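Those sequence lines, one after another, are chains A and B. Its first residue numbered 1, the first sequence is counted upward by one per residue in my numbering. Its first residue numbered 1001, the second sequence is counted upward by one per residue in my numbering.
Treat the hints with care, as some may be off.
[Claimed, not checked] For lysine-lysine, the following DSBU-like pairs were computed, each having C-alpha atoms within a straight-line distance of at most 30 Å: (1) LYS1027/B / LYS74/A; (2) LYS33/A / LYS1237/B; (3) LYS1237/B / LYS1109/B; (4) LYS10/A / LYS1027/B; (5) LYS1106/B / LYS1027/B.
[As the list claims (entries may be wrong)] Heads up, incomplete: computed chain B residues facing chain A, CB under 7 Å, no partners named: (6) ASN1018; (7) TRP1031; (8) GLY1049; (9) PHE1050; (10) ILE1056; (11) ALA1082; (12) LEU1083; (13) THR1085; (14) ILE1087; (15) VAL1096; (16) GLU1187; (17) ASP1236; (18) LEU1339.
Since the hints were made in silico from the structure, they are not lab data. Since the structure is predicted, the reported quantities are computational estimates derived from the model, not experimental observations. Quick reminder that beta carbons are idealized off the backbone N, C-alpha and C, glycines included.
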Amino acid sequence: MAQGHASNTKRIWNVFWILSILTIIEVVLGIFKPASLHYTSFLGTSPLNWIFIILTIIKAYYIVWAFMHMEGEKASLRWSIVGTGMFLIVYIIVLFLLEAVYVHDVLTGPGSISKWIF
Amino acid sequence: MGTTATSAAKAKVWEGGNEPLGASYGKLMMWIFILSDSLTFTGFLIAYGFMRYKFIDIWPIADEVFNHFPFIHGDNPMYFVALMTFILIFSSVTMVLAVDAGHQMKKNKVVTYMALTIAGGLFFIGSQAYEWTNFIKGTYGAVETKGGAILQFVDLEGNRLSLDQVAKPIPTERVENTRSRGLWFTEEAKRAPYTTQEVIEGLKANPNVLVRTEFIYRGTDEQKADTSLHPTLNKDKHKVVLTREASIERIQDAAYVVKGASHVRNEYGNKLFANLFFFITGFHGFHVSIGILLNIIIFINVLLGTYEKRGSYEMVEKVGLYWHFVDLVWVFVFTFFYLV
């Protein structure tokens, strides 16, 4: 298995540039925070935050697929690891964030009898 | 019964040597470990997300907390973490180049790239130590009220003021208990630079000081109608600044003077912010340290020619998987702690 591998150097450097450019975009947006993206709201948070999250997921894809060489593994391995992880992670994110919003609303909403920061 | 289809390859199934999912035992186990570890980090980050959503009105603003860069004074948000991110991405690249060189059995190239990877890891840990030092030392200082809220200070232009600029030193007879004074084995805990009274008197005496609360201004009708908020200094998605009268009233609640951050309280705002910062970046830093250790072990083995003799550099690949995972986690920590 070890012998006869073609060198992937070109692909590796390509991915490095992609990751770098995505990070630079994130940092520039994070420093300047364009008003039209930062002060508006879309699906529960600002569009700027959505851009950050999407760029992060793209970066994660490149790290796992190119650097960890998931693209060269069998589909069964890909699904066992990434599929399981994605399912559980998305599940816990949805449950916990919904619960957090609920807790926030209970503590601060109208009729709340608790004053939790004073 | 159905024994006709038994081939020579299938006969080996129960004697080892077959590879489920087309990956060797070590690599498969590394993948499964990574899966479980990524769920652990998910748990931590979702705890952060939960607390942040729960305290969405008062959560600290990352840009105001992480704004240091070595040798440059002033407010430099983002630059240092961006640098840390690049260091880690670059060490990931050298790691994957080492794996690539290993596939081609080029020992010298593996040695070079592994050395660069280890150097990158050490750089990252050093950067994190710098980041932690600044976080723990703090910049401006604040006071905590009896109810646990953090009050910070700004001048009439809205620029942050440090405790040194606000507090009015009051001469006192108070002597610090050191080992040379009382019992030889007792000393008192490190005290805040000023007493609460000094900060309260300082604020009252100086008309240019206003209090900034933890709450985030969002321009709601309720906030616009609130006369205790400063009429001009409040900006959308920034912390609420109080009027002079409201500041003097609010400071009466002060209970502690806070400088920097600890597990108990921090000058940036919500206590959980510092706790989660220490825990999540600390746990990630621990992973990086373990990664460096593993890399060093593999590096020595490469130097000794262990994998050359074995005929396969797969061990480099397995440690490489772990190293990339550490990078992967950092990508998410970077987003959720510093950007979002």
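Each hint, compared with the structure:
1. Of the pairs offered as hints, the one joining LYS1027/B and LYS74/A holds, with about 13 Å between alpha carbons and a cut-off of 30 Å not exceeded.
2. Distance restraint check for LYS33/A and LYS1237/B: the Cα-Cα separation of roughly 11 Å lies within the 30 Å cut-off, and the hinted pair is therefore satisfied.
3. A C-alpha spacing of about 50 Å is found between LYS1237/B and LYS1109/B, which places the hinted pair above 30 Å, so the restraint is violated.
4. Distance hint between LYS10/A and LYS1027/B is fulfilled; the C-alpha atoms sit about 24 Å from each other, no more than 30 Å.
5. With a C-alpha separation of about 21 Å, the suggested pairing of LYS1106/B with LYS1027/B holds against the 30 Å cut-off.
6. Checking ASN1018/B against chain A: minimum C-beta separation of about 13 Å lies over 7 Å; hint violated.
7. For the restraint placing TRP1031/B at the interface with chain A, the shortest Cβ-Cβ distance is roughly 5 Å, inside the 7 Å limit, so the hint holds.
8. The beta carbon of GLY1049/B is positioned within 7 Å of a beta carbon in chain A (closest approach about 6 Å), and the interface hint is therefore held.
9. Checking PHE1050/B against chain A by beta carbon gives a least distance of about 4 Å; that is within 7 Å, so the hint holds.
10. A cut of 7 Å between beta carbons decides the hint on ILE1056/B: the least distance to chain A is about 6 Å, and the hint holds.
11. Annotation: ALA1082/B was flagged as interfacial toward chain A, and the flag holds, the nearest CB pair being 4 Å apart, inside 7 Å.
12. Checking LEU1083/B against chain A by beta carbon gives a least distance of about 10 Å; that is not within 7 Å, so the hint is violated.
13. Using the Cβ-Cβ criterion of 7 Å, the hint placing THR1085/B at the interface with chain A is satisfied: the shortest such distance is roughly 6 Å.
14. A cut of 7 Å between beta carbons decides the hint on ILE1087/B: the least distance to chain A is about 11 Å, and the hint is violated.
15. Because the closest C-beta pair between VAL1096/B and chain A is about 5 Å apart, less than 7 Å, the hint holds.
16. About 34 Å separates the beta-carbon of GLU1187/B from the nearest beta-carbon of chain A, more than 7 Å, and the hint is not met.
17. At about 6 Å, the closest approach between the beta carbon of ASP1236/B and any beta carbon in chain A falls short of 7 Å, and the interface hint on this residue holds.
18. Checking LEU1339/B against chain A by beta carbon gives a least distance of about 5 Å; that is within 7 Å, so the hint holds.
Comparing the model with each numbered hint stated earlier shows that hints 3, 6, 12, 14, 16 do not hold.
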